[in-house]
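Using the working numbering, the letters of the sequence shown map in sequence onto residues 3 to 217.
Read the hints as simulated data drawn from the structure, not as lab findings. The hints are all genuine.
What follows is a set of in silico ranges between Cβ atoms, one per label pair, in the way DEER data are often shown:
id, residue 1, residue 2, range
1, 50, 20, 35 to 43 Å
2, 191, 212, 13 to 21 Å
3, 50, 216, 15 to 23 Å
4, 193, 27, 31 to 39 Å
Glycine included, each C-beta is placed from N, C-alpha and C at the ideal position.
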Amino acid sequence: MSTLGESIAEYDAQKAARVPATVLQTMADATAQLRAQGIADHSVKTGDSAPDFVLPNHHGEPRRLYDLLASTTVVLNFYRGGWCPYCNMELNALQQRLPQLNAAGATLIAVSPELPDRARDTQARHALEFDVLSDVGNHISSRYGLTFELPEQLRPVYTKLGIDLPAYNGDDSFVLPVPASYVIDRDGVVRYHFVNVDYTQRLEPTLLLDVLRGR
3 MSTLGESIAE YDAQKAARVP ATVLQTMADA TAQLRAQGIA DHSVKTGDSA
53 PDFVLPNHHG EPRRLYDLLA STTVVLNFYR GGWCPYCNME LNALQQRLPQ
103 LNAAGATLIA VSPELPDRAR DTQARHALEF DVLSDVGNHI SSRYGLTFEL
153 PEQLRPVYTK LGIDLPAYNG DDSFVLPVPA SYVIDRDGVV RYHFVNVDYT
203 QRLEPTLLLD VLRGR
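Please model the complete structure; the sequences and the hints are all you need to start from.
Here is the structure:
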């Protein structure tokens, strides 16, 4: 089984070979601008109380964070959407480790701003056996301090790549969450966080297992 990092490295090599250098530079510049905004510094962190929420899963069923925390630790993953190849690689890697995450006493839930039918498509496409929640309007990711507006210079790039964010998210805001992962204890306190404005960088699920196992 390849690691998430290995899958991403392979994809990055393919992307570098097929995407024009000017486009890659535009993407890199946008990431640098986002880093300068200091989003990661102002987001929910280790030691903070996790904001509670209720969101529908891919079946339209409500899921409340603190209801889950009544009986289990929660691994909470924020991703940009099923259109994002890095998010898809991460979701697949989490699915591969799901039995171990569950055995370590955790429930995994994933959140994106996509419309419910899009979340359902993502869940079905990857045969995910955990809840995929729809945070339409980014209300919850905003409470976690993760939201940003996609820079103007990137919007035509996304359009050329066939990524229609308004259609995926149901609004014209072009607001997305920074990808993030949290381990939340049953008392509602964040035991571990990973927030990185570079969407190409993702947390290895094995590190989540180390946290859950107290390593």
